[in-house]
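Student: Below are the chains, spelled out letter by letter.
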Amino acid sequence: MLIMRHELLLIAITVILLLVEIFLPGDKKSRVITLAILLMTAVLILGFVPGPSGTLFGGMYQTTALISMLKNILNIGALIVMIQSADWLRKPENKEKISEYYILLLSTLIGMQYMLSSGDFLMFYLGLELATIPLAALAAFERFKEKSAEAGVKFIFSSALSSGILLYGLSMIYGTTGTLYFAEVGPAFTGTPLQVLGFIFFFAGMAFKISLVPFHLWTADVYEGAPVNISSYLSVVSKGAAAFILTILLFTVFSKIALMWSNVLYIIIILTITMGNLFAIRQQNLKRFLAFSSIAQAGFILLGIIGQSQYGMTTVIYFVLVYIFSNLGAFGVVSIISNRTGCETINDYDGLYRTNPRLAMMMMLSLFSLAGIPPVAGFFGKFFLFAAAANHGLYILVLIAIINTIISLYYYLLVIKAMFLNRSDRPIPKFKSDFYTSLGLILCLAGIFAVGIASTIFEAINGLSFGLY
Amino acid sequence: MSFLLLFIVIPVLTVIGIFFSKSHMQVKWTAVLGMSCQLITAGILIYLFLAARAAGNTAEILFSQDMVWYKNLNIHFFIGVDGVSVAMIGLTSIVIFAGIFASWDVTDLPREFFTSLILLSAGVFGFFISLDLFTLFLFYEIAVIPMYLLIGIWGSGPRHYSAMKLTLMLMGGSALIMLGLLGLYFNSAPNGGPLTFNLIQISKVAIPMPAQRFFFPFLFVGFGVLGALFPFHTWSPDGHASAPTAVSMLHAGVLMKLGGYGCYRVAVFLLPGAAHEMAWIFLILTTIGVIYGAFGAIWQKDLKYINAYSSVSHCALVLFAVLMMNQTAMNGAIMQMISHGIMTALFFALIGMIYGRTHTRYINEMGGLMKVMPFLGVAYVIGGLASLGLPGFSGFVAEMTIFVGSFQHNDVFHRVATIIAASSIVVTAVYILRVIGILLMGKIKNPEFNHITDAKWFDRMSVVTLILGITAIGLAPLWLSDMINNGLVPVMQRILMAGPVIH
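Chain order of the listed sequences is A and B. If you read the first sequence in our numbering, its first letter stands for residue 7, the second for the next number, and so on. If you read the second sequence in our numbering, its first letter stands for residue 141, the second for the next number, and so on.
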């Protein structure tokens with residue numbers, strides 16, 4: 007029981023929300039928001055209570071202190087997204103669907119957690135699908151909007167395709183090794199041509215989920231069409247979970263062909279970072295803008311994987327944690343402004359600082375964190391990732407990545423320029439944020455500062471990731 | 141707790157104070173209060189430092205404090221000062237103090253302006269007291285990034301363009317630095333043992349030559365971008381011309397010194413072997429920079445551009461002297477940084493004040509200003525004379541030392557470079573005297589200028605502080621020179637050990 011505590015807790019609150027949905031009278035539906043957030047907070051806190059490690063179902067399910075922590079990190083991201091959605095859910099057209107929203111969100115989270123805890127490829131695939139399918143429903147959540155419906159369809163198609171590719175790869179791996187258990191695949195995986203082919207299909211499928219170039223094409227369209235909070239969930243929690251499991255699998259199951267996959271990663275990193283950055287420069291819509299910036303960030307995450315060490319694993323986890331706070335901070339601002347005014351392009355943000363200084367400051371700090379400017383946490387995250395890759399002697403790759411941070415700084419500064427430097431005849435009017443929006447942004451702000459300066463977080467992660475590689 | 145922490149704590153407290161200030165005036169007085177404390181602290185630091193040295197404390201680093209920050213990576217928060225950094229801290233506190241007064245008439249978003257300005261200064265102070273490369277780099281970036289907002293919001297002319305250009309070029313430089321620092325870190329223990337970012341510890345390690353050759357250009361060019369190394373100086377004229385007064389002062393006066401100090405303290409000090417091998421490449425570049433900046437200044441009509449190009453020339457001289465790698469020239473380099481820092485801050489302050497009165501920066505449209513604003517006029521002449529190296533002012537001491545030091549090399553290459561660089565003094569005299577002639581002497585060209593008033597009290601505060609600094613160094617250079625020499629001794633030992641003996 008306790009071994010599976012994270013998932014069971016989430017299932018429990020999902021069921022509670024379902025029951026509440028049935029028994030709560032229609033005019034009190036908005037109370038579900040508070041209830042869901044409180045329950046999720048409880049889950050998050052309980053998740054930090056240390057529990058036993060071990061395996062279940064004959065090794066299909068496993069958990070360790072490291073995996074528990076990864077789940078906690080995902081919980082943090084999900085909680086912030088739930089808080090940030092409150093304002094949007096209160097809109098009249100969404101009021102009827104509040105519980106559905108939270109239930110769908112929680113089921114994807116459960117899927118991700120099963121995926122992280124999987125001990126064999128079957129469980130892994132089940133978790134992956136559970137994480138993906140409700141997301142398609144969420145992307146199409148504003149079904150009366152054409153773009154949102156389009157996003158849902160695009161998402162389901164592309165993820166079905168990527169799942170198919172991934173399954174095909176898994177079937178090859180199964181065929182050549184005769185087993186699906188990670189612990190048994192690893193030693194049997196010697197790198198025969200068919201196995202390598204299987205690995206390539208598997209990797210391509212995962213690359214879809216993390217939206218690495220050249221498998222990134224769905225990202226911008228889906229992010230643009232989906233509700234802002236779902237885009238942020240996709241870009242942070244969903245991507246983070248996929249990056250975690252990819253790191254774990256590459257380090258454990260595929261460690262015998264590390265030389266090969268690090269060469270693949272080398273090229274993919276350069277492509278992903280550069281393409282993501284170059285496309286982001288041209289974007290006017292902030293959601294598309296953040297979509298391409300998140301593609302580039304995914305490339306940075308891979309820098310830690312290519313470091314191939316315990317330290318590399320630590321930096322990946324640490325960077326995802328930093329990235330959750332920074333990206334959710336930026337998305338939070340975009341979300342509230344989009345809800346209140348419908349403005350989503352960079353030009354609409356002209357003169358934002360003069361009307362809404364706090365939101366503009368928050369946006370600036372988040373973007374600085376994404377760009378890796380001290381003293382906010384992004385700087386530490388990026389520096390450590392670069393150090394992980396440099397530790398492996400990949401100075402040229404690090405140089406390309408660092409140059410790319412300058413390109414990324416350029417387009418982040420374009421947004422800052424709009425908010426701080428430009429003047430506008432019709433600026434976004436001054437408005438007061440509600441309690442939940444402020445809370446969400448304050449959490450992000452605290453995270454952006456605390457994660458960098460408090461070195462204990464990094465050390466705690468490092469302590470746990472020991473022994474994985 | 142080390143006394144030096146005050147240099148970071150005071151700006152942070154000031155920023156918090158500014159945040160809670162109610163009115164425009166309160167903001168400004170909070171800033172003045174904070175930066176006066178900073179100036180006093182710097183004075184106390186200089187006194188304590190000299191007293192400690194006089195008492196026979198010969199430790200390489202004084203007032204040091206070492207706190208572990210990131211244990212796994214062996215990143216420390218390690219601060220301490222030697223003679224050179226004490227001098228740089230003194231310079232910074234003078235310039236920021238004068239800068240607050242020079243921006244007394246900022247009316248648009250004053251709270252944000254002073255916050256950014258003081259954050260910038262916090263980054264600079266942090267940079268000079270850091271002895272751990274990680275924190276050094278962190279403070280370096282903190283010092284650079286507020287520039288974007290400062291120029292972009294409060295600047296003039298093509299400010300958006302200039303701000304973006306400056307920020308991207310400087311951050312591009314810092315990208316190279318970051319790679320260089322990672323290289324230093326992973327080569328900091330060639331014989332095994334824990335890797336370190338500790339500057340002093342790395343300086344005692346013989347980094348393998350291939351690594352030195354690979355990383356030296358990154359570090360030198362990276363810091364060189366901020367130190368206006370030709371051909372990476374192009375951000376400087378645009379940036380300085382567009383920036384508001386106090387920002388130009390701080391940027392040309394202090395921030396560009398971060399580049400020179402970084403080249404000296406990190407690139408040359410930690411990678412002396414490669415520095416000896418590659419110095420000639422950069423010597424050519426800096427020699428071009430010295431001459432190019434001086435001739436560039438002649439051609440300009442805009443006062444700020446004139447001064448910006450002259451800064452390029454003077455800062456190139458700093459790097460030139462650093463690359464000569466002997467005690468005298470290095471001493472001159474540090475002296476030049478301090479002298480130029482104060483001098484150029486004075487110039488930019490005066491240009492800002494003149495512009496505030498005449499509403500033009502084109503020298504052709506001005507004339508005879510000495511009659512209507514004698515105080516500012518005289519101050520401008522003093523600044524000009526100091527800039528062209530008249531004895532009695534700081535510029536002379538610095539340039540003299542540099543050229544004496546660089547002439548100690550008796551091979552043709554160094555001699556020729558020195559002669560070319562020294563000839564820039566003549567060019568400097570041309571543009572300085574020409575500007576003074578057009579700007580201050582003669583008849584008043586524009587009748588509206590007859591109603592111009594002379595300096596207000598806050599203008600005088602700013603100008604007097606800076607002039608005191610220039611003359612103090614010019615008339616009594618020895619205490620400063622001794623202090624710098626004192627800090628240079630261990631550095632020079634290390635550099636000379638790695639390279640050919642220089643006569």
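Be aware that one or more of the hints could be misleading.
In silico DSS-like cross-links for lysine-lysine, where the CA-CA straight-line distance does not exceed 30 angstroms [said to hold, decoys possible]:
(1) A/K262 <-> A/K423
(2) A/K160 <-> A/K262
(3) A/K423 <-> B/K511
(4) A/K438 <-> B/K162
(5) B/K511 <-> B/K441
(6) A/K436 <-> A/K101
(7) A/K436 <-> B/K441
(8) A/K34 <-> A/K103
(9) B/K305 <-> A/K423
(10) A/K436 <-> A/K103
(11) A/K101 <-> A/K34
(12) A/K423 <-> A/K34
To give an idea of the chain A side of the interface with chain B (calculated C-beta under 10 angstroms), a few residues [to be verified]:
(13) L8
(14) I9
(15) R149
(16) A396
(17) F426
(18) A456
(19) I459
(20) E465
Computed spacing ranges between beta-carbons, pair by pair [stated by the list, open to error]:
(21) B/G496 <-> A/S430: 43 to 53 angstroms
(22) B/A199 <-> A/I459: 54 to 64 angstroms
(23) A/N269 <-> B/A346: 52 to 62 angstroms
(24) B/S142 <-> A/F63: 50 to 60 angstroms
(25) B/I424 <-> A/L203: 37 to 47 angstroms
(26) B/H164 <-> A/I459: 27 to 37 angstroms
(27) B/P350 <-> A/T351: 47 to 57 angstroms
(28) B/H164 <-> A/R429: 57 to 67 angstroms
(29) B/A616 <-> A/R288: 33 to 43 angstroms
(30) A/L277 <-> B/N504: 45 to 55 angstroms
(31) B/D594 <-> A/L284: 22 to 32 angstroms
(32) A/L203 <-> B/P350: 32 to 42 angstroms
By construction, these hints were calculated from the structure, which means they are not laboratory data. Just so you know, even glycine gets a beta-carbon here, dropped at the ideal spot from N, CA and C.
Student: Of the numbered hints stated earlier in the document, which are not met by this structure?
Tutor: The structure breaks hints 1, 2, 3, 7, 12, 13, 14, 15, 18, 21, 22, 23, 25, 28, 29 and 31; every other hint is satisfied.
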